[in-house]
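Please model the complete structure; the sequences and the hints are all you need to start from.
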Amino acid sequence: MDFNDTPEEAKFRAELRRWLIDNLPDDWTTRPPGGYRWDEHEARTWSKKLYDAGYVGLTWPKEYGGGGAPHTLQGIFLEETGRIAAPSHIGGIGLGMAGPTIIAWGSEDQKKRYLAPLLSGEQVWCQGFSEPGSGSDMGAAKTRAVLDGDEWVVNGQKVWSSWAHIADWCILVVRTDPDAEKHRGLSFLLVDMHSPGVEVRPLRQITGDPEFNEVFFTDVRVPRESMLGQPGEGWNVAMTTLLHERGTLGFALTAGLEQALTRLVQFAKLPGPDGSRPADDPVVRDQIAQLYIDLQGLRFTNYRSLTALQKTGVPGPEGSMAKLHWSEANQRLTSLAQSLNGLAAQLDGEGGVWDGFWVYQQLRSRGNTIEAGTSEILRNIIAERVVGLPKSR
Amino acid sequence: MDFAFSEDQELLRAAAKQFLADRYPIDKVVAIADSQTGNDPATWEQIVDLGWLEPDLGLLDLAVIAEESAYALLPAPWFSTVGLAWPVLDDDLRQAISAGDRSATLAWAESGGPATIAAAANQSATHAAGDTLTGTKVTVPDLGNVTDVVVIASDGLYVVDLTTNPDVVVSRSTIDRTRRLGELHLSATPARRLDAGLDALAEVRRRALALLACEATGVSQRALDLAAAYTKERQQFGRIIGTYQGVSHRVANTFVATQLNRSLAYWAAWAVSANDAEAELAVAAAKSQAGDGSVFACEQAIQAHGGIGFTWEHPLHRFYKRAQWISGFEGNGRAHRATIAESLLGPAA
Ligand SMILES: Cc1cc2nc3c(=O)[nH]c(=O)nc-3n(C[C@H](O)[C@H](O)[C@H](O)COP(=O)(O)OP(=O)(O)OC[C@H]3O[C@@H](n4cnc5c(N)ncnc54)[C@H](O)[C@@H]3O)c2cc1C
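Sequences listed follow chains A and G, in order. Oh and the first sequence: position 240 is 240 in my numbering, straight run, nothing missing. Oh and the second sequence: position 124 is 124 in my numbering, straight run, nothing missing.
Certain hints may be false.
If you want the ones that stay clear, here's a sample from chain G, every Cβ over 10 angstroms from chain A, calculated [to be verified]: (1) Leu50; (2) Arg172; (3) Thr174; (4) Leu181; (5) Thr339.
Here are the simulated PhoX-like pairs of lysine-lysine, each with C-alpha atoms no more than 25 angstroms apart in a straight line [as the list claims (entries may be wrong)]: (6) A:Lys391 / G:Lys232; (7) A:Lys111 / A:Lys62; (8) A:Lys62 / A:Lys11; (9) A:Lys391 / A:Lys182; (10) A:Lys311 / G:Lys17; (11) A:Lys11 / A:Lys49.
Note that these hints are calculated values from the structure, not bench results. All C-beta atoms in this analysis are idealised placements derived from N, C-alpha and C, irrespective of residue type, glycine included.
This is the structure we're talking about:
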């Protein structure tokens, strides 16, 4: 057991820190946290920079444009970029879900075709799993795909698709066999979002931002070979996606939480609306310390899963709880911050506290226990698949 | 970065698991716990044979033993000896312990005086005169079941031989009957001054907290296993109760608490053993989670058992009481969070 970096890890970390300082805007570490978020163009440029420097797809196979590096380096990358609050790569869904699923299930052609542009950020992916009638119960998806010659013809509707409004490709769960038992009738398509018949309608979120979308498919024609796995294997393919959603994701989430806690500590030392410092309030102190414990608990749980992953190739059971615990800790953290602001917690944007930083963070955090599996579903998974209780359904 | 125990440590764990499962099933533990002394001298000999008192064991080795022995709730003054007294003992005593001839504990708390080791290092009313000590120590772990007690006095550390001074021990009824607390009444009692001084107590404290965090991991894991086993079998309203989410989500929460406990405990054990810059914070975080988390785990398990979980007959309460023991040792969760807050936020105005 040794948490210190190996010489290789230390070198990677030092170079990365240097690179981040050199490549982020000059005032990056001194500007107020603010509501400032990058626009699409800035995000694409930044993604390309990361890619050119070799920081994207670190653990992916070299032959498809990845770095072939051990998972620890990816962990360090997420830690360091999180600590300096560097913006993420624009293709989060591609990197975290579509890519790993293509690596696991794709043909050689599919890997060659999709992975490199995904890494460079040239092509952005979205995820079309949820539908109006099926969210947690993804196996009940109704969107249909019918084979017509050499093409699948897709009709139906997806919802809550994050970044679909800027996406070029979609991993889409469709029903290809309405007569088969529910999970067996599903298939997994890779769909070009620029195809005729795809219509994307942005939906505003609780924060006011339109970050997710409804997506309508009307007679959309998809080449027969644009499927991962065989017809009827869609459920298994989608499970791979969800496994990866929770894989090294823990590191990214923890890095985000660490950054948020750093901000909160900074914030609590400033005078609040009545002039007193929250940092002098014993209850606030206790809550902040508890968040620190939550954070470190997550951090070292991640290290343990990583070590298991490195040694055995399969993530340990500890991994399944990271998202659950992170989401609830992040909600407590951001609510604590907002609770320090009195009615000024209402003020948004530039007139708000820290330009509306905490308003946004707190409201956005409510999605954390819903997206990528609700907390209830995650508890079901832990109870049933990790602890081994009988199924509740 | 490597967060795995070494192969030797994994072997040590496997051997400990095997030994405890074979020789200390819960009914045997209960029988010892409810005996007059709460201790079976034969246990100590077995521990010696297993190598649990070897002088070259590192803190990570001890961490493994602490977790497994708490999972079994092994009644023996092992933690008091290696986790509390060992670091300040001289070579003669250490050798006698490793040979199985002696055992030891630490006495720090005083009524109306210091309650923690940290406080006792600065203000102890127990005082030395010549080769004797006078004073009263309370809540001394395993006092009735060891041969020697290290006493924190105002000017240093002393050891009192309990085999030649048996009258100084007053036992107290303790809810965790596997780790009972006693009172030490010293009045011009012969004592030997140790070379180690009061400044050695900082290290004693850290090691003890890290090891108890590992114990809490074992306790939580046991509570989780008991809850899982029961909720997989028991039926009500024609269904297995584990299919009710009101029940299964409790079990899932217990799993989460156990994992967090384990992660922080291992971090603390590593940080203390490596003298890492974050060791103090690691220990505070681990202790806060360990105490609160293991109590939480046992409470969830009790609730998931219904009436049987509330009985003396069922073993759960024994683990619950150990969790409460751990929670009460050397500052509760709030106290440790205050330490963390101090480090993050600076002193409060
Ligand atoms: C910010 C955000 C981004 C998202 N991005 C995407 C995306 O990119 N692509 C995509 O496909 N989807 C996305 N989603 C959708 C998300 O995956 C679903 O919202 C989620 O799976 C829940 O489904 P639902 O909304 O239909 O709610 P429901 O499944 O109807 O759930 C409603 C409530 O019932 C509970 N519940 C449901 N089933 C059970 C059960 N078996 N046991 C106990 N409780 C249960 C849920 O926990 C929840 O509290 C996103 C959601 C959010 C909030």
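To see whether the hints hold, each was checked on the structure:
A cut-off of 10 angstroms between C-beta atoms confirms that Leu50 of chain G is not in contact with chain A; the least separation is 22 angstroms. At roughly 31 angstroms from the closest C-beta of chain A, the C-beta of Arg172 of chain G stays outside 10 angstroms, upholding its exclusion from the interface. Look at Thr174 of chain G: its CB is around 29 angstroms from the nearest CB on chain A, clear of 10 angstroms, so calling it non-interface holds up. Residue placement check: Leu181 of chain G keeps its beta carbon more than 10 angstroms from all beta carbons of chain A (closest about 28 angstroms).
Against the 10 angstroms criterion, Thr339 of chain G falls within the reach of chain A, whose nearest CB is about 8 angstroms from its own CB. Taking the CA atoms of Lys391 of chain A and Lys232 of chain G, the gap is about 10 angstroms. The hint holds against a cut of 25 angstroms. Between Lys111 of chain A and Lys62 of chain A the alpha-carbon distance is near 12 angstroms, which keeps this suggested pair within the 25 angstroms criterion. Note on Lys62 of chain A and Lys11 of chain A: the hinted pairing holds, with a Cα-Cα distance of about 20 angstroms set against a maximum of 25 angstroms.
Among the hinted pairs, Lys391 of chain A with Lys182 of chain A is consistent with the structure: their alpha-carbon atoms are about 17 angstroms apart, no more than 25 angstroms. Between Lys311 of chain A and Lys17 of chain G the alpha-carbon distance is near 22 angstroms, which keeps this suggested pair within the 25 angstroms criterion. Taking the CA atoms of Lys11 of chain A and Lys49 of chain A, the gap is about 20 angstroms. The hint holds against a cut of 25 angstroms.
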